[in-house]
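These protein sequences, in sequence, are chains A and B.
First residue of the first sequence: 1, per the numbering used here; consecutive thereafter.
First residue of the second sequence: 346, per the numbering used here; consecutive thereafter.
Think of the hints as simulated: they come from the structure by calculation, not from any bench.
Some hints here could point you the wrong way.
Stated by the list, open to error - Examples of chain B residues lying across from chain A (beta carbon under 10 Å, computed):
#1 Val420
#2 Gly422
#3 Gly441
#4 Gly445
#5 Val448
#6 Val460
#7 Gly464
#8 Ala466
#9 Val491
#10 Val583
#11 Val613
#12 Gly615
#13 Ala642
#14 Gly660
#15 Tyr661
Said to hold, decoys possible - Here's a subset of chain A near chain B, in silico, CB distances under 7 Å, partners left out:
#16 Trp16
#17 Thr76
#18 Ser93
#19 Leu97
#20 Pro244
#21 Ala305
#22 Gly315
Bear in mind the structure is a predicted one, so any value in this text is a computation, not a measurement.
Think of the CB as a built atom: it goes at the ideal place given N, C-alpha and C, for glycine as much as any other residue.
As a plain string of letters, each chain reads:
Number of protein chains: 2
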Amino acid sequence: MHRVVEPAGVLPQAAWRLDPRPEIAANEVRIRVERLNLDAASFRQLFGKHGGDGDAVRAEVLEIISTRGKMQNPVTGSGGMLIGTVEEAGRRSPLGLKAGERVATLVSLTLTPLVVTDGLARWDGLSEQVPCDGWAILFARSIAAVLPEDLDPQLSLAVLDVCGAPALTARVVSRYVAERAGDARPVTVAVIGGAGKSGSLSLAAARQAGAGRTVGVVPVSAERDALVAAGLCDAVVVADARDPVALSTAVTSALEVPADVTVVCVDVPGCEHGAVLATTDGGTVIFFSMATSFSAAALGAEGLAADVTMLVGNGYVPGHAELALGLLRSEPGVRGLFEARLAAD
Amino acid sequence: MHRVVEPAGVLPQAAWRLDPRPEIAANEVRIRVERLNLDAASFRQLFGKHGGDGDAVRAEVLEIISTRGKMQNPVTGSGGMLIGTVEEAGRRSPLGLKAGERVATLVSLTLTPLVVTDGLARWDGLSEQVPCDGWAILFARSIAAVLPEDLDPQLSLAVLDVCGAPALTARVVSRYVAERAGDARPVTVAVIGGAGKSGSLSLAAARQAGAGRTVGVVPVSAERDALVAAGLCDAVVVADARDPVALSTAVTSALEVPADVTVVCVDVPGCEHGAVLATTDGGTVIFFSMATSFSAAALGAEGLAADVTMLVGNGYVPGHAELALGLLRSEPGVRGLFEARLAAD
């Protein structure tokens, strides 16, 4: 809070300008930054605005960081994440970081005080990956993960970017498994967008948490083939998630019953009603898509008289980074999907 | 589904036009309609568009109903509810209604086939209350409540309109009470907008479900005085729910700890971060406000590293109408707030 310059009294994410001075308070940590990963929507907006002129993109990113004391695109409101090395950790910081550790931040750049010292000279302004020198400040409530030495940092970053989804899925599925202990009915899980990053991790997490039958829903046959090959779920179906009847029919046919837990991982609008219809009475829908409409979900469930619990997918669950990295290590299918995606980028 | 005329294959709520013919299928119910209650946002839009000309408002409502086969404002997308008498119930209808019962629908008019036969001749077009003759069709998944004979129908309607909030609050609070059985710590509940319709019912429901300490948050001192007089909670505080620090400080001071369960019942944007900050780790936020931003909630909780469960307030919970009407009967404080509100309208 003491680093919020204006407007006074708001939280860092909502602030227009943060104070990025390098001296840390006892509960702060200073990171020597080596790379920023700009949010995809933010980079797309900047790239489009400047007609693909990398020098102009770089100049605007520099201008944003120097004006605001953080990297938050004023149009999209989004930031990104960073990689760096712990330079100094305050003695009362609860993050458990030590000087010299290589870390990635798991909270958005939108609330991270940041200074760039090299003018972004090594960046051509043409990709989301921004090599840079500078420093950033983490707060007591920030989240940072130490990058594992056994994994390619790009692979770790891609996993950490979505690690909230498998963690929350595991928590919810575990609850159903515990409630149904001694009951013969398997806990059923549907993941909409099962071949994507958050989707494939969620399928693996659901199975590890004890789901008895799982289905991945994908939009096209290429993704179906990839997800079948990955072997992460009991069934894979192709369906348009925006068509409620098609989606619920596909899920219910594949599982033989509606899903106990439905996880929405596709970033397209209009999946709310289908997800509700695909879920059994007493079941839970977890919305991880930022394209989710709150009112469509609330009014849709009411209009369908559907007694389902609907969760706003919280990207933070304690232990989420370790859980997701563990799934990447233990599930070759997850790793294969991630590596194919990184290779294609 | 068989009543959806266009576009084919969508759910009734999303359809442009429904088929309102009076012959019912075995799982349908036909209602003789006596009154429509237009959604407030819908009426406001129509009234403004026509500059307060009641005849023009009436003509447009008639036009909408005859064109679409339902009352759904094409601009706001919203409908309302209706009161009427059961005329015929199909033999396989699961709603449990009998001919002659006076009922209110608890699903939106946006998905209810409707025909008006009196040209709305008794309505001046100047209020949300529309006396009328005609019929409406309820589906198997529709929800209708029999209007109690011991209560003023307007009072019952006002309660039924928000009855999902106390029902879901009771369910969530009960779970915390059960988990903490044998533990000395009371379950704490904060209701943002505690003096409103859904807020006052939620406070009463939380206490009935076993909450040990409850606080109602209100925006102005007049509401504070009314809520204190109603005696529905242990503390009442005035705070701006859009100011995260002010809100969380007010709640935490009043409860002596952050809330286990925070219920958001105020229809103003920007309450997400404050609600998350006011809630303890492992706690739950229930969003009933249609002004809730999905992404503000999701990104806010992640940015704050807050391990809170966030629920999209589903207006449908089995037994919700009976629970809410029961609270109105048993809690003079709830009844007083509702009667004062109706008198002021």
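Go through the hint on Gly464/B and say holds or violated, using the shortest Cβ distance to chain A against 10 Å. Violated: closest Cβ of chain A sits about 28 Å from Gly464/B, beyond 10 Å.
Is the interface hint for Val583/B satisfied, with its Cβ closer than 10 Å to some Cβ of chain A? violated, 17 Å
Let's test the interface hint: is any C-beta of chain A closer than 10 Å to that of Ala642/B? Because about 5 Å separates Ala642/B from the closest Cβ in chain A, which is inside the 10 Å limit, the hint holds.
Interface hint status, Tyr661/B versus chain A (Cβ within 10 Å): holds, 5 Å
Answer holds if the nearest beta-carbon of chain B is closer than 7 Å to that of Ala305/A; otherwise answer violated. holds, 5 Å
Holds or violated: is the Cβ of Pro244/A closer than 7 Å to a Cβ in chain B? holds, 6 Å
Was the hint right that Val460/B lines chain A, CB cutoff 10 Å? violated, 20 Å
Return the status of the interface hint for Gly422/B: holds when the least beta-carbon distance to chain A is below 10 Å, violated otherwise. holds, 9 Å
Let's test the interface hint: is any C-beta of chain B closer than 7 Å to that of Gly315/A? holds, 3 Å
Hint check: 10 Å Cβ-Cβ cutoff, Val491/B to chain A: violated, 16 Å
Holds or violated: the hint that Trp16/A contacts chain B, with Cβ atoms closer than 7 Å. violated, 16 Å
Per-residue hint verdict: Val613/B, partner chain A, C-beta under 10 Å: violated, 14 Å
Going through the hint list in order, the structure does not satisfy hints 1, 3, 4, 5, 6, 7, 8, 9, 10, 11, 16, 17, 18, 19.
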